[in-house]
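Asker: Chains as they are written, first to last, in the working numbering: chain F, 1 to 616; chain E, 1001 to 1423; chain S, 2001 to 2143; chain P, 3001 to 3259.
Hints are computed from structural coordinates only; laboratory data are not their basis.
Misleading hints may appear alongside valid ones.
Part of the chain F face toward chain P, derived, beta carbon under 8 Å [stated by the list, open to error]:
{"id": "1", "residue": "42"}
{"id": "2", "residue": "53"}
{"id": "3", "residue": "93"}
{"id": "4", "residue": "97"}
{"id": "5", "residue": "230"}
{"id": "6", "residue": "231"}
{"id": "7", "residue": "533"}
{"id": "8", "residue": "538"}
{"id": "9", "residue": "586"}
Cut-off 27 Å, straight-line C-alpha distance, at most; resulting in silico cross-link-like pairs (BS3-like, lysine-lysine) [said to hold, decoys possible]:
{"id": "10", "chain 1": "F", "residue 1": "10", "chain 2": "E", "residue 2": "1156"}
{"id": "11", "chain 1": "E", "residue 1": "1300", "chain 2": "P", "residue 2": "3068"}
{"id": "12", "chain 1": "P", "residue 1": "3021", "chain 2": "F", "residue 2": "188"}
{"id": "13", "chain 1": "P", "residue 1": "3021", "chain 2": "E", "residue 2": "1042"}
{"id": "14", "chain 1": "P", "residue 1": "3237", "chain 2": "F", "residue 2": "188"}
{"id": "15", "chain 1": "E", "residue 1": "1017", "chain 2": "E", "residue 2": "1159"}
{"id": "16", "chain 1": "F", "residue 1": "434", "chain 2": "F", "residue 2": "325"}
{"id": "17", "chain 1": "S", "residue 1": "2076", "chain 2": "P", "residue 2": "3009"}
{"id": "18", "chain 1": "E", "residue 1": "1175", "chain 2": "F", "residue 2": "10"}
{"id": "19", "chain 1": "E", "residue 1": "1159", "chain 2": "F", "residue 2": "10"}
Stretch-level coverage of chain P by chain F, calculated; a stretch enters the list once three of its residues show a Cβ under 8 Å from a Cβ in chain F [as the list claims (entries may be wrong)]:
{"id": "20", "region": "3051 to 3058"}
{"id": "21", "region": "3129 to 3143"}
Ideal placement from N, C-alpha and C gives every residue a C-beta, glycine not left out.
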Amino acid sequence: MQNTRRNALKFIGGAAAGAVLTPVPWRLITDTALWSENWPGIPRPLQGEVSTRYTNCSVCPAGCAVRARCVGGQPVSLAGVAGHPLSRGGLCAFGVAGHHLPYCPGRLTAGPVEAAAGVIARAAANCNAAAAGTPGAVCNPGETIGVLDLRPGRTASWTYRRAMGTVKGGLYLTAGEPFSGAAVDLSKARTVLSLGAPVLDGWGTPGNVLAARANFRLIQAEAIESRTASLADLWLRIRPGSASTLALGIAKALKKGSVAGAAEATGLAEAQITDLAAELTQHGPALVLPGYDCPEAWALNGLVGEFGVTVVARPEAPVPEHWNKNCAPVTPLASIADGSIRTLIIDESAPGDHIPWGAIRRKLVADNPVVIAFASSPAGYARHSLFTLPTAVYPETLEDIPAAIDSPRAAFRLAVPLVAAPAGVVNPPEFVAKAAGIDATNALRERADAICKTGRGVLITYTDGRAKPVAQVAPDDFWRALNAGACWLDTESRRAAPPHADWTAPDARPAENARLPLVAVLAETAPAAPASPLMTKLDRESNLRLGPSRAALHPETARSCGAADGGRAVLETALGKCPITVVVDASVPPGVVQVAASPEVIDICGAGARCRVASL
Amino acid sequence: MDRRFIPAGVSRCSTAKFLLWLAPWAAMLAFGLYSAGLCLVKGLNQTHMNNRFAFGLWIFLDLTVIALGAGAFFTGFLLYILKRKELRAVVNSAVVIGLMCYGGAMAVLGVDVGQPLRAWFTFWYPNVHSMLTEVTFCISCYLGVLAIEYVPIVLKNRKLRQVPHFLVFEHELHKLVYVFAGVGTFLSFFHQGSLGGLYGVLRGRPFAFREELGIWPTTFFLFILSAAAVGPSFILLTTWLVQKIARKPLVRPQVLRSLGRISGLLLAAYVLLKAADTVVWLRRTTPRSGFLPAQYYAWKPFGVWILFAEMALFLVPMVILLLPKLRARAGWLVSAAAMACCGVAVNRFVLTIQTLALPTLSFDRFLDYLPSWQETGTFLAVLAAAVLVYSLSFRYFGLFPEERELRREPALASESEPVLAGK
Amino acid sequence: MLCVDCHTPREDGTYAGVPPLSRCAGCHTANLGPTAAEREFIAQYVKTKREPEWAVYARQPENVWFSHTPHIRIAKLQCQQCHGEQGRSELPRPYQEDRISGYSRDIWGYQAVGGVVPGMKMDDCIACHRQEGLAHSCLDCHK
Amino acid sequence: MTSEKKPGKIRRYGMAVDIDKCTGCGACMIACAVENNVPPGNRGATDLTGITWLRVFKVDNGEEYPRKESVYFPMMCQQCGVETPCYLVCPQQAVDVDPATGIVGQMPERCLGCRYCMAACPYHARYFNWWDPQWPAGMEKTLNPNVAPRMRGVVEKCNYCHGRWHAAIERAAQAGLEDIDASDYVPACVEACPAGAIRFGDLNDPSSAPAQAARDPQSFRLLVSLGTEPKVYYHSKREWARRIGDPSQAPAPKETSRG
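Using the sequences and the accompanying hints, generate a full structural model.
Answerer: What follows is the structure, encoded as structure tokens:
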């Protein structure tokens, strides 16, 4: 038959009809459906032997004990260690996802290592030369080198102090709010007055705080309804920035003085303040926790008379004697003269206290200072540094974690590496030590031995949860145990002398400032350190937290700033400006900007800063 | 030049003019296919639907067009089962419209699901409790029926008639047309109903949840009725539109009137039952599930007005279509039909969109939703495809048997002149 | 030849995965038999210490949870009941996998290997679980 | 695929959430995402398109400062026991209720993504994969092998960490036991909560936390008036907070909300 169009059509039609009778189409739909189960782009989880490893979380200074479930050696989920004397099995959101940190997008893995080393060595040499009056020293008098440590009390901190000790006028700097030498014992407290401290929102060791929570009455004096305020037994809604005045008022009440001024300044009734004072003395033991903007309120504990009970000296694990000779003293950054630092080394690898960059910049020499940052992400101080050296992150690092503020007894535990660090990262303390010409490669072991030598305290091993007196442990076993995730805990704690405070000062109303009419309150105590990509579940994929650089305003405040919900605006403080997104929220008190911490925001505004919001 | 394809005895515009008419619709179709493609390739993040607004424009579209497409089965039912001979004039057109409505709905559903490759699971592992299973089965079967019913229309084409086999085939098919009409009616009754059940069973959405009669919620029956009522109106509307666009009479005016009258009668029944249902729902069903009727309408912009608007859009056309005087005037007739169609659209809108917009938990937000251009594009594709297929069918398959007579005897047309130009 | 000669479960009863080359080399360091296949295996893998890329007939899809432990420890099943008499076979069947889905032929949901070996598709699991009254829900076996 | 024979031990797993203890820290949400291989949110994801099997809401009493009070409110699948809405509507049996555990299961590999179940769920506890799941380079190493990652275009939800249920069965078998040890099966959120606000257990066991919560007059469940018998019990001493469960007590529509 000749191939006409009709025949062709017939053939196609017949073929189509026939195909349906073959298995082809049916197999095709099954297989494509199966293919859709594992089509390209869907990762396959690694299979392997399941094991449990222990470590301590070094994401924040709390250092909670961690049980890691590993598959083929790779940690796939983290949880707290139940019954741990310090962290009580607790682990916060950041800790739970800590094992993601090595894979954060934009992580730094390379940097100008040699150059930086040279710079530090030269700067040290210069300082020594200048101090020795050698002619031709590049370093002018009064200009020096310093290390800024955001998490003091670590072995690394001691290494820095020793390194700076080798340099004439070398500085070891901390954020150093006054009386940082205190630790508290929540288990003894029956009444806790928090002057804006985020007691239930990441302060101290979350697990420990929440475990003790049932035993004390929590009074939160705060302007905004923070997480702590909403869960406190009593929430005193004071005027923003009037916490220290309230502390003063309580002191006066205790001394039977007049509280009229304080009442007027804080917006509370006089009776409230006197009752508060009475409660602190009667339903003791009491504890007063100062907030960010009233550190001097520590002294109030002295008046309440609980020093040595709820407040003790900040304990520190023993160190080898020879470390103490010729090591630089601990100097609060605020206490040194402006424009006095030529070369500044910032260790951001262990985030802790945060200092707004503006405050740091003031201490540097005006003409091209040298800033060297140890960081794992470009988001923090790295944005302002001349050299940024990549560091390992938890859980790659081997570092120790000092006792947190809510631990009355000294502790020593290690964040042990669960995964290998990438090539090209540096170990900050060893790096600085090397540049300064001392050897600190073995510092952790030395300190562990020193602790073991004292024979004090107990060693808590997580695998069996048993506490063994150190006296019965050989140094090698001690070290091995620490590296398997274990914790040394001292037995006794030291009394602390209350700091001096002047209780006769006049009741200051929160300083008015026409140009900066608003008060900034940091909504989230999120660390500036990089966090797991999953964290967006808390601010972007839900409204649990305020998203980075979003600021909540009361409708009135927003109106007066001409800002609308979701609108872009600029936040301005004495230290500078940064862009924010406005969230209108009737639950924020008027006159307050509740702003979420983000690198840009905390550059210019420490909590409680005066500020203004200008809509764009 | 396509003269030899055009049915004998009717006049059609020139090819050029026809292509000119097709061009914009073709363009719209192309755009629509592009946006649908985006949704298939990149995933449904191309739409503005979200976890709370799980259904959007597309489901609303499906429910509406299927309600309007009901004209197909109902006209067939009236003609072949109830022997309303005068409807033979529009039955072909009704079939084409039905085919396009259902085809469009199915196509959009294919884009709407996240894993189209697994769509057939519903047939392989059906969950008998689910209304959606019922819908899927009935609609796909009925789509087949419509396709078969469409074949004889295609075979009416002058060229194809020259093939003897086709003639025989068509003849045989014609004998079976009653069967198909019956099957179609049965299937349609079911899926129109299950489409209503789709939301009526949502115990978790008290705004849509309805008491059950037998195993079906009341919306099951209300949807059947409203679809049956509005179907004829839509046929009426489209036929009138085609007459306007083609600028020639295609059916006797009384055909349109009788369509209107049927629509009117059914609307009356619907309005009655709907009112009763609404009362039961507000007074009994809602309080039982712990909600307050007031809450439903507390959220702007969906105030109580929407409830009354919906009722009015059924009530007014009902009155018009039931009054012979008004029905006799094309203007009233057509606008009444149009109103009824809007009424059913609003009804489907309320049940789909408003249901999802309303909060269920006491701390929920009221949600607003605007379709993305990709969603709208897909919607337009269905419209364009429908117009294209209808135009082609109209030009080549002679959808209106009476067109020839009306052309031969202008008397009929002129008699019907005042009606057709009655505004 | 016994299964455990090559495949030993971990002491907790979980499957330890495909045996490593070292285990094969335990016997096949020098030719045991005259077969060319063995000679080639030694030349290709044992000598060069290259891990053979084994094709796993019984590999289940990612979304299936299967643990040997309950089947061995509790149900006391023998390997053969699911894997067939591999120990007795001269040569393994040629490994076939679906081109589109990439699944081994043994676990196709449709038209799996009949007769020769007990199939390893979902229906086969369900059949046995039904018999034992252990089929409760999909999440029994799907993860 | 339900069994002919009756399953051995019939459990009804449920949860007891003390919202007076919840500090809104979000540890449960993150632990949940880690355990169940939920991918980090796509760049375009919002609180309406992201995936959070467990989501903590901030709920207030509708007042303004200073009268305003808030509680934090963890919402997971409420595991409806009767007339389970999602189970009834799924057209192709991708949802089932396990008679042995009472857990409502979702089978992503069976789901065609019609989202009917999401429309049916009054708790909005079901989430759709609007994007292809994507992890930053290297992070896929941290995926939990006990849970299969889902693909784009399917619905997923909380199933009380079924991967852990499997693991518990395996551990039991290793010990030669037919049945799991109750304390050995604990969902990730329960384990992670530093405040111990979420507790988990078998409602058929009178001594379990949820069973006790069920008897507590200060406990309440969400939308219980719908008659779907949810298995998550919330507890609060605050009278206004207990009204959260009752939709008819909802505060009037507000301008903005961050809940």
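Asker: Which earlier hints can't be squared with this structure?
Answerer: 2, 13
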